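Each protein sequence line maps, in turn, to chains L and G. Note that the first sequence ends on residue 422 in full-length UniProt numbering; no numbers are left out. Note that the second sequence ends on residue 309 in full-length UniProt numbering; no numbers are left out.
Treat the hints as calculated values from the structure; they're not laboratory data. Small disclaimer: the values here were computed from a predicted structure and weren't measured. For every residue, glycine included, the Cβ atom is placed at its ideal position computed from N, Cα and C. Please note that the accuracy of each hint is not assured.
Just the calculated beta-carbon pair ranges, DEER-fashion [claimed, not checked]:
hint	chain 1	residue 1	chain 2	residue 2	range
1	L	396	G	49	52 to 58 Å
2	L	334	G	290	46 to 52 Å
3	L	376	G	260	21 to 27 Å
Under the rule of at most 30 Å between Cα atoms (straight-line distance), these lysine-lysine pairs were calculated in the DSSO-like manner [what the hints assert, rightly or not]:
hint	chain 1	residue 1	chain 2	residue 2
4	G	291	L	174
5	G	29	G	120
6	G	29	L	363
7	G	291	L	401
8	L	195	G	291
9	L	383	G	291
Letter by letter, the chains look like this.
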Amino acid sequence: MDSVDALIAQIQGLSSSPEDINALHTHLNQSEELLLSNVNRLANSLEQLDPSKHSLGYLYLLEASTSGPISREQSGEIVRCIARFIMTCEAEQIRLAPEKFLSVCKRLKDQVMLLQVPIQGIAPLRGAVHKLQSSPEHLTPLHPDFLLLCIMAKCYKAGRSVLSDDIIEVDQPKDFFLYCYYGGMIHVGLKNFRKALEYLHNVVTAPMTSLNAIAIEAYKKYILVSLIYSGQVPAFPKYTSSVAQRNLKCYSQPYIDLVSSYATGKISELETCFEANMEKYKSDNNVGLVKQVLSSLSKRNIQRLTQTYLTLSLQDIANLVQLGNSKQAEMHVLEMIQDGEIFATINQKDGMVSFHEDPEQYKSCEMIERIDSSIQRVMALTKTLHAIDERISCDPAYLAKMGRERPRFDLDDFDSVPQKFL
Amino acid sequence: MSSSSSSGLTFKLHPLVIVNISDHYTRVKSQQAHLNNGVASPSSSHPPRVFGCVIGVQRGRTVEIFNSFELLYDPVTDSIDRSFLLKKQELYKKVFPNFYILGWYSTGTDAQESDMQIHKALMDINESPVYVVLNPSINHAQKDLPVTIYESELHVIDGIPQLIFVRSSYTIETVEAERISVDHVAHLKPSDGGSAATQLAAHLTGTYSAIKMLNSRVRILHQYLLSMQRGDIPCDNSLLRQVSSLLRRLPAIESVKFQDDFLMEYNDTLLMTYLAMFTNCSSTMNELVDKFNTTYDKHTRRGGRTAFI
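If we strip away everything but chain L, and leave its shape as in the complex, we get (with noise of 0.2 Å):
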């Protein structure tokens, strides 16, 4: 009797009830070896089980079969074998081994990857991400794969079901790093700068004890978008760590020089500035971005024209925001109604533009829809905040660093004193 047999006959008799389950996996976890040694046999063995019903052996086998070297014919059918299991396999019994359910995960993402499908393996990975996390709250190492498939395949629309849940447990850091990083740059892709920003504002802002690449490209990010949103970056916020408030700025000089540029409000300058750090930027891939960068601050300009004037012709508004010509300055007006950037209308008969103020009234049903969705939000998110609050004030990390500071109030007091007088 072979013992690869006989191993099938237990996976297809242990895979009912949770008892039975539990004795699999610790029988599975203990074959491990005899797996791994009859790798080329697993593939048959494989059609034996049902990935709904065995999803624990299967996964077990799946894991062992894939661990090899693996050719560019099989890869296909890998994929899509991984895909049928990761899209049938019972969320229960896979949460009992969730390392290997990663490992699959991982070698399908490398496969499509390899494949250069990275589209293949959206789909899968996000039944991945929801079978394996414990509620939509929880991050799992699959979310950063899953984003960075949807930005290789440019599906930014797939990454947002996923990007909608706020995440509050985190396993480990270099997941929400990168999270948050692909996050950022789903919602560039979507245009919606403001969420772009609030995630990029995540990684920079992330605790961290050493400096991380991930939080350097980041900040580059997040200067770009954050002058494309609002016209300025603003400083660190004070539950920065100090290591990115000190060491982040060094980084990215030719992003701090755009910023400074911008502050001017001259495009030439911004133009001068663009075109010195050309190859800086290239080399990170951010020349669309910084692209983006330029054409807002004509926009940026003409909203700050409609607080001065009420009208203003077409040709002044070329000039003053050193627009070509007033055909150009009416495509971004144009453009800008649009967008709901400005309010203004613009008379085609004289080329006049009149701005208006925001027609917003605030006497609509959905407004109080809106306003009521936020009020519960915010709710929500003080209790979350509270349970934290709690929880880290009982930390001992922290009762001791409190324990602490009071001696060394004292001391400290005492000898900055005669350093006053040296």
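We have chain L; now place chain G onto it with these hints.
Chain G only, in chain L's frame:
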């Protein structure tokens, strides 16, 4: 003893003073009751007396009593704590530079002989102090305020010149801010929890009960009409006419203008709530961030010092 004053001064008393005295008395009384809970002491049988200073301004013949503060009374020596008084005076001088000490207050049914001692003691601060007495015992038959103001006058009695208390008339004077706050305090019920929003709450409760009443009445009419429709009650045309004319008056506020204004007001209120929630949330967040920084950020203000301590 309590003949009318002949000084010709006009007294104006602010309600804040009365509220202060009353509050002082109630507080001391309840504290005493609390203290004597275990030990049944004889002093609990008669109500405590409280002492304090009244302050305000004198302009010509008009004396306006604006405010008061409490004094410590030593029952053993039957006198007030002098140093405490001076300290308090100094403090009040900083806050209200225009106010002077005009006299003092106490509680009781009438001015007592022993009060003259205290009165005389105050004469070096104000040469003609006033004495405000609040009668704490509640007399439902009495319509006047249980507050009396006494002045001291020098009278020759039995050949010896002595000071006696004479009763002065006074009027209640009030400024707008005071009126509102006193009105507020007057409506404050302990059952409401005494929050600052009680007046609003009272207003809203009134509106709420009115709407509730209207709603229930309309429902009764509705039920009546329904049962008439079913034939349970004989059809009464004159009643129906009355109902019809009544109902016609109800939707008086259904117009686009009302709808717009209502929604705008409603949204304003919602926004206020939103702002409050937001502030609350930010404050929690801020606290959390502070705690987090203390815990995990090694390089806060005192980086590197820890090793030496």
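Task: Hints that the structure is at odds with (numbers, increasing) - done: 6
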